[in-house]
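Heads up: the sequence shown is residues 170 to 374, going by the working numbering.
What the hints contain is simulated information worked out from the structure, not anything from laboratory work.
Cβ atoms here follow ideal geometry from the backbone N, Cα and C, with glycine treated the same way.
You can take every hint at face value.
Cβ pair distances, simulated, as ranges: (1) D296 with E255: 19 to 29 Å; (2) S220 with P258: 16 to 26 Å; (3) V372 with E319: 37 to 47 Å.
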Amino acid sequence: MSKPDHSDSSDQHNDTMKKRKTQIDAGIVRAGEERGVMILLTGNGKGKSSSAFGMAMRSLGYGFKVGIIQFIKGKQLSGEELFIREKHPEVYFEQMATGFTWDSQDRTGDIAAAEATWAHAQKLLQDDRYHLVILDELTYMLAYSYLDEEMVLNALRSRPEQQSVVVTGRGGGEALRQLADTVSELRDVKHAFKSGIKARKGVDY
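Model the full assembly from the supplied sequences, consistent with the hints where possible.
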């Protein structure tokens with residue numbers, strides 16, 4: 170039995186890859202501006218905070234200075250918090266320790282806590298020593314009007330030129346999307362929790 174001839178498909182694949190490389194190379198040439206970026210990770214899918222912490226690890230790997238502000242902290246200690254506090258104590262790590270928004274019925278207290286936590290974020294957004302600032306779950310503070318939107322947007326706009334910032338959380342509003350350089354929306358296609366599977370240590374927290 171003769172072997173199938175894949176020469177045509179191989180040639181076609183090679184041509185496709187050459188064209189793709191040409192397009193990518195052209196894009197790299199066009200991307201000549203060098204500055205910090207704002208990334209918004211939103212949507213109802215899993216992985217927004219995980220992605221942000223992955224970028225923190227990437228920056229730390231290069232020896233860059235990183236600041237992390239978490240605007241929602243559950244009662245369960247997370248693996249990323251343990252890792253950073255034990256292995257990278259140089260990271261500026263501040264949390265709004267009022268629990269999940271749906272656990273609280275004290276709006277006045279939540280607003281005060283959000284404003285106090287935002288003061289730490291503002292400090293980082295004015296400090297050009299920080300290569301990367303992560304504002305985890307910030308969008309909820311805007312959605313619930315715990316923080317003034319224009320105040321937040323102005324701070325993000327006026328941050329140091331070479332500083333990058335990652336904002337995570339569902340929603341956040343159109344103004345935040347417009348300000349961001351990159352917006353990724355994670356979609357919930359399927360989630361183990363909805364099938365009755367408990368959150369797993371080292372995977373979910």
